[in-house]
Amino acid sequence: GNLSGGQRQRLALARAILHDTPVYIFDEATSCIDIESEETILALIHEMTKTKTVVMTSHRLANVENADRIYAMENGNIAESGTHSALLKNGGVYAKLWERQQELENYGKGGVYA
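Residues in the sequence shown are numbered from 25 upward in steps of one, following our numbering.
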(Lines of atoms letter the chains of each structure in order from A and count residues from 1; the text may use other names and numbers.)
(Lines give C-alpha, C1' and ligand atoms only; values in the text may rest on other atoms or scores of the structure.)
Protein backbone atom coordinates (compact mmCIF):
# COMPACT_ATOMS: atom_id res chain seq x y z
CA GLY A 1 0.00 0.00 0.00
CA ASN A 2 0.88 3.65 -0.03
CA LEU A 3 2.60 5.05 3.03
CA SER A 4 2.58 8.69 4.05
CA GLY A 5 5.85 10.59 4.41
CA GLY A 6 5.65 10.27 8.18
CA GLN A 7 4.95 6.53 7.99
CA ARG A 8 7.92 6.02 5.64
CA GLN A 9 10.09 8.04 8.00
CA ARG A 10 9.04 5.99 11.06
CA LEU A 11 9.65 2.75 9.15
CA ALA A 12 13.14 3.89 8.08
CA LEU A 13 13.95 4.85 11.68
CA ALA A 14 12.75 1.49 13.00
CA ARG A 15 14.84 -0.37 10.41
CA ALA A 16 17.93 1.69 11.28
CA ILE A 17 17.50 1.09 15.01
CA LEU A 18 17.02 -2.65 14.51
CA HIS A 19 20.29 -2.75 12.56
CA ASP A 20 22.17 -2.14 15.87
CA THR A 21 25.24 -0.27 14.72
CA PRO A 22 27.66 1.72 16.92
CA VAL A 23 27.04 4.96 14.96
CA TYR A 24 23.72 6.42 13.79
CA ILE A 25 23.25 9.40 11.50
CA PHE A 26 19.80 10.98 11.49
CA ASP A 27 19.14 13.64 8.86
CA GLU A 28 16.02 15.62 9.82
CA ALA A 29 14.72 12.47 11.55
CA THR A 30 11.42 14.06 12.60
CA SER A 31 10.69 16.42 9.72
CA CYS A 32 7.52 14.62 8.49
CA ILE A 33 6.24 13.38 11.82
CA ASP A 34 3.46 14.60 14.13
CA ILE A 35 4.45 16.12 17.48
CA GLU A 36 3.51 13.05 19.57
CA SER A 37 5.61 10.73 17.38
CA GLU A 38 8.40 13.32 17.34
CA GLU A 39 8.59 13.33 21.15
CA THR A 40 8.67 9.51 21.24
CA ILE A 41 11.38 9.32 18.57
CA LEU A 42 13.51 12.02 20.19
CA ALA A 43 13.26 10.22 23.56
CA LEU A 44 14.40 7.00 21.87
CA ILE A 45 17.29 8.78 20.12
CA HIS A 46 18.28 10.37 23.45
CA GLU A 47 18.29 6.92 25.07
CA MET A 48 20.49 5.61 22.23
CA THR A 49 23.10 8.30 22.92
CA LYS A 50 23.95 6.53 26.19
CA THR A 51 25.52 3.61 24.32
CA LYS A 52 25.84 4.75 20.69
CA THR A 53 27.33 7.63 18.76
CA VAL A 54 24.50 9.70 17.27
CA VAL A 55 24.93 12.44 14.67
CA MET A 56 21.73 14.35 13.99
CA THR A 57 20.88 17.23 11.68
CA SER A 58 17.87 19.37 12.43
CA HIS A 59 16.49 22.73 11.44
CA ARG A 60 14.40 22.65 14.63
CA LEU A 61 16.92 23.57 17.31
CA ALA A 62 14.81 22.24 20.19
CA ASN A 63 15.55 18.77 18.80
CA VAL A 64 19.29 19.17 19.46
CA GLU A 65 19.09 21.20 22.67
CA ASN A 66 20.46 18.33 24.80
CA ALA A 67 23.27 17.33 22.43
CA ASP A 68 26.81 17.04 23.79
CA ARG A 69 28.01 19.28 20.97
CA ILE A 70 26.07 21.40 18.48
CA TYR A 71 27.55 22.68 15.23
CA ALA A 72 25.74 25.73 13.87
CA MET A 73 26.08 26.11 10.11
CA GLU A 74 25.95 29.34 8.14
CA ASN A 75 26.43 29.56 4.37
CA GLY A 76 27.67 25.96 4.25
CA ASN A 77 30.34 26.45 6.91
CA ILE A 78 30.52 25.72 10.63
CA ALA A 79 29.93 29.13 12.19
CA GLU A 80 30.28 27.98 15.82
CA SER A 81 30.05 24.92 18.02
CA GLY A 82 29.41 24.11 21.65
CA THR A 83 26.67 23.12 24.03
CA HIS A 84 23.23 24.71 23.82
CA SER A 85 23.85 26.95 26.83
CA ALA A 86 27.33 27.99 25.66
CA LEU A 87 26.02 28.85 22.20
CA LEU A 88 23.20 30.93 23.67
CA LYS A 89 25.70 32.82 25.85
CA ASN A 90 27.91 33.36 22.80
CA GLY A 91 25.11 35.34 21.11
CA GLY A 92 26.08 34.18 17.63
CA VAL A 93 24.18 32.58 14.76
CA TYR A 94 22.80 29.75 16.93
CA ALA A 95 21.45 32.15 19.56
CA LYS A 96 19.78 34.27 16.88
CA LEU A 97 18.18 31.21 15.25
CA TRP A 98 17.06 29.90 18.67
CA GLU A 99 15.44 33.23 19.49
CA ARG A 100 13.61 33.35 16.14
CA GLN A 101 12.34 29.80 16.52
CA GLN A 102 11.13 30.49 20.05
CA GLU A 103 9.27 33.57 18.78
CA LEU A 104 7.62 31.53 16.02
CA GLU A 105 6.66 28.68 18.35
CA ASN A 106 5.24 31.08 20.94
CA TYR A 107 3.35 32.98 18.23
CA GLY A 108 1.97 29.70 16.89
CA LYS A 109 0.71 28.85 20.38
CA GLY A 110 -0.99 32.22 20.67
CA GLY A 111 1.57 33.45 23.15
CA VAL A 112 3.39 36.72 23.29
CA TYR A 113 7.15 36.91 23.04
CA ALA A 114 8.81 39.94 24.58
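These aren't lab readings, by the way, just hints derived from the structure by calculation.
No residue lacks a Cβ here, since even glycine has one placed at the ideal position from N, Cα and C.
Among the hints, a few may not be true.
Derived CB-CB ranges, DEER-like [as the list claims (entries may be wrong)]:
(1) Asp51 to Ser105: 11 to 21 Å
(2) Asn26 to Ser105: 23 to 33 Å
(3) Asp92 to Asn26: 16 to 26 Å
(4) His43 to Lys113: 31 to 41 Å
(5) Leu35 to Arg84: 32 to 42 Å
(6) Leu27 to Glu127: 16 to 26 Å
(7) Asn114 to His43: 18 to 28 Å
(8) Asp92 to Glu63: 30 to 40 Å
In silico DMTMM-like pairs for lysine to aspartate or glutamate, Cα to Cα no more than 20 Å straight-line [stated by the list, open to error]:
(9) Lys120 to Glu104
(10) Lys74 to Glu104
(11) Lys76 to Glu98
(12) Lys76 to Glu127
(13) Lys74 to Glu63
(14) Lys113 to Glu98
(15) Lys74 to Glu89
(16) Lys74 to Asp92
(17) Lys76 to Asp58
(18) Lys76 to Glu104
(19) Lys113 to Glu89
(20) Lys74 to Glu98
Worksheet item: Given a hinted range of 11 to 21 Å, is it respected by the beta-carbon distance of Asp51 and Ser105?
Response: At 18 Å between Cβs, range holds.
Worksheet item: Quick one, are Lys113 and Glu89 close enough, alpha carbons at most 20 Å?
Response: With a Cα-Cα distance of about 14 Å, the restraint between Lys113 and Glu89 holds, given a limit of 20 Å.
Worksheet item: Taking 20 Å as the top limit, are the C-alpha atoms of Lys76 and Glu127 close enough?
Response: At roughly 33 Å apart (the allowed maximum being 20 Å), Glu127 and Lys76 break the hint.
Item to complete: Take a quick look at whether Lys74 and Glu63 sit within 20 Å of each other, Cα to Cα.
Response: 18 Å, holds
Discussion item. Is 18 to 28 Å respected by the C-beta to C-beta distance linking Asn114 and His43?
Written reply: 36 Å, violated
Discussion item. Checking one constraint from the list: CA of Lys113 to CA of Glu98, max 20 Å. Satisfied?
Written reply: Distance of about 18 Å is within 20 Å: holds.
Worksheet item: Lying within 16 to 26 Å: is that true of the beta-carbon distance Leu27 to Glu127?
Response: With Cβ atoms ~34 Å apart, the hint is violated.
Worksheet item: Holds or violated: are the alpha carbons of Lys74 and Asp92 at most 20 Å from each other?
Response: 11 Å, holds
Worksheet item: Is the hinted pair Lys74 and Glu104 satisfied, with a Cα-Cα distance of at most 20 Å?
Response: This hinted pair is violated, its Cα atoms lying about 25 Å apart.
Worksheet item: If you draw a straight line from the CA of Lys76 to the CA of Asp58, is it 20 Å or shorter?
Response: 25 Å, violated
Item to complete: Using the Cβ atoms, figure out if Asn26 sits within 23 to 33 Å of Ser105.
Response: 41 Å, violated
Worksheet item: Holds or violated: are the alpha carbons of Lys76 and Glu104 at most 20 Å from each other?
Response: 24 Å, violated
Violation of the numbered hints given earlier is confined to hints 2, 3, 5, 6, 7, 8, 10, 11, 12, 17, 18, 20; the remaining hints are satisfied by the structure.
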